[in-house]
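Enquirer: Those protein sequences? They're chains A and B, same order as listed. Number 65 in my numbering belongs to position 65 of the first sequence; there are no gaps in the numbering. Number 19 in my numbering belongs to position 19 of the second sequence; there are no gaps in the numbering.
Don't read these hints as lab results, they were simulated from the structure. By construction, the Cβ of each residue, glycine as well, lies at the ideal position given by its N, Cα and C atoms. Don't take every hint at face value.
[Said to hold, decoys possible] The list that follows gives simulated cross-link-like pairs (lysine-lysine, DSS-like), each with its CA atoms no further than 25 Å apart:
{"#": "1", "chain 1": "A", "residue 1": "K244", "chain 2": "A", "residue 2": "K161"}
{"#": "2", "chain 1": "A", "residue 1": "K214", "chain 2": "B", "residue 2": "K154"}
{"#": "3", "chain 1": "B", "residue 1": "K72", "chain 2": "A", "residue 2": "K321"}
[Stated by the list, open to error] Sample of chain A residues with no beta-carbon within 10 Å of chain B, all distances over it, derived:
{"#": "4", "residue": "I134"}
{"#": "5", "residue": "T150"}
{"#": "6", "residue": "A205"}
{"#": "7", "residue": "I222"}
{"#": "8", "residue": "G333"}
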Amino acid sequence: MKRNTMLSIAAGVVVIAAVTLADATLGRFTVRILNLSAIYIILALSLNLLNGFTGLFSLGHAGFMAVGAYVSALLTMSPAQKEMNFFLEPIVPILATLQIPFPLALIAAGTCAGLVAVVIGVPALRLRDDYLAIATLGFAEIIRVILTNTQNITNGAQGLKGITKYSTTWVVWSCAVLSIVFMLALVRSSYGRTMKAVRDDEIAAEAMGVNVVKVKSTSFVISSFMAGVGGALLGHMITTIDPKMFTLILTFNILLIVVLGGNGSITGSVVGAIIVTVLMEALRFLDMPMNFLFIKTDGLPGLRMVIFSILLMIVVLYRQKGLMGNKEFSWDGFIGLLSRKGSARNGGRP
Amino acid sequence: MIRTENVSMRFGGLTAVSDLNISIEKNEIVGLIGPNGAGKTTAFNTITGVYKPSEGRIVFKGQDVTGAKPHKITELGIARTFQNIRLWKDMDVLDNVLVACHLRMGVGVFASTLHLPAYRAKERRSREFAMSLLESVGLADQAHEASTSLPYGKQRRLEIVRALATEPSLLLLDEPAAGMNPQESLELMDFIVKIRDQYDLTILLIEHHMQVVMGVCTRMYVLDYGVTIAHGSPDEIRRDPKVIEAYLGVD
């Protein structure tokens, strides 16, 4: 027990040192990818809470991200910037001068996404499995259409430009670590156990006194809160947002991380988020024109997504449970794995 | 303790249970028997809120509970087991019991996520309670094994323990002896009487194993095609021509 606590502290120190070092020495592009993976960690964890721990198949994540991104962007922009953005139609007067500090805006972003989840969740959570997925997918589209058409609140299809770049390395990684700690605490608590019970067998959970509707709604709202915060961070990193960003493709990317990493594994989501984000950039050369010895190809935009689709198919066919299954990282398991590898090298003798 | 008044349950044109009138006093062990498809499990499901009865009333401890949600019914003190075992397969044995403890812990999502001191104390108490329950059925050694890795008989016992963890006053057992060998069935009979005395329970059980029902129940109801065809002590039931007809058929 004590050894594990010390190892955890040591690992924490290493991570902080690594982030500091990376932030100081690596190029802006590399740092940006690292930060993007931190945001994807938050998003993957929030989807995993629904999909992996409560057994609710939702495809509405992009919608909640959009709500968060817009709320935070509108609340932190200066009146001057807003005036510059809203040239087609002036912004509604209440929002025109409203400007609050970034941390508050981030919380407001999550809260608004959570509120939308309450409104959507009440009718949608009566559904199960694929039906819920279709309903939430529809809701995400509705949100996107609303954002496109409320010109004097969201600036419609033009989107918002010149959002302040608050998502620094420290901000996003602190949020990511906070999410990981929160998820670990939630999943290991008594309430987290009831979520897993609902996932494994809803009828049994009900019969054992678990208020299934309440547990599902709670999970849905928490997940949406995190998605809203993630969306807000993404907006403050890219510095421009528009409704076209928040389509099903975005939800698909997050789902990919959750499935690759392992449904119901926090470790899996973290590792998956980093792997997928880095691969997304590393495989970018596939979209460019390529030149093999004799064959020249023109650029094939979208080829790297084919790689991801193939990867997903392989996982679904040969390793349904993803990278981690529903297991979590533990020092005991890690050391066990190392010593087993070590003993294997010594001809199987320990 | 519990009383059903003319409870009927219809699915479309099929009447699964009609005019069910069961009345159970405190600390009784009552059997509900009948051939396959007689509507025994449906009767259970209407009592525990899985189905809302088409007609009739269910009164538990003087309170009308007709049509209440299953988790409310459990909160009021009725717990059940399932005919086809429904353990949470991705959780270990102890966690299965702990989920059932959650009901009486009275902690919300925030208190439990933040691991507040009050929550910690309650969690510790729940763990002790769960372990003591597991010990009483000889499952304490397997507390951290996967629930589905247990042999069948032990899974059944774990389901009963899980139901007990909700601290019920009425326990409904749906075929507790299914799939058990004669030795295990005998142990189960002792076990049922033991938990009745230890936890001050009232028990209603569905069972096909006549040896178990006759041995452990003081009274029983016999259903056939949803209709209550007989009611009485084991001896009366054994001699009842209608029961014999339902089970063995007539020329």
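Enquirer: Output the numbers, in ascending order, of every earlier hint that fails for this structure.
Expert: 2, 3, 6 and 7
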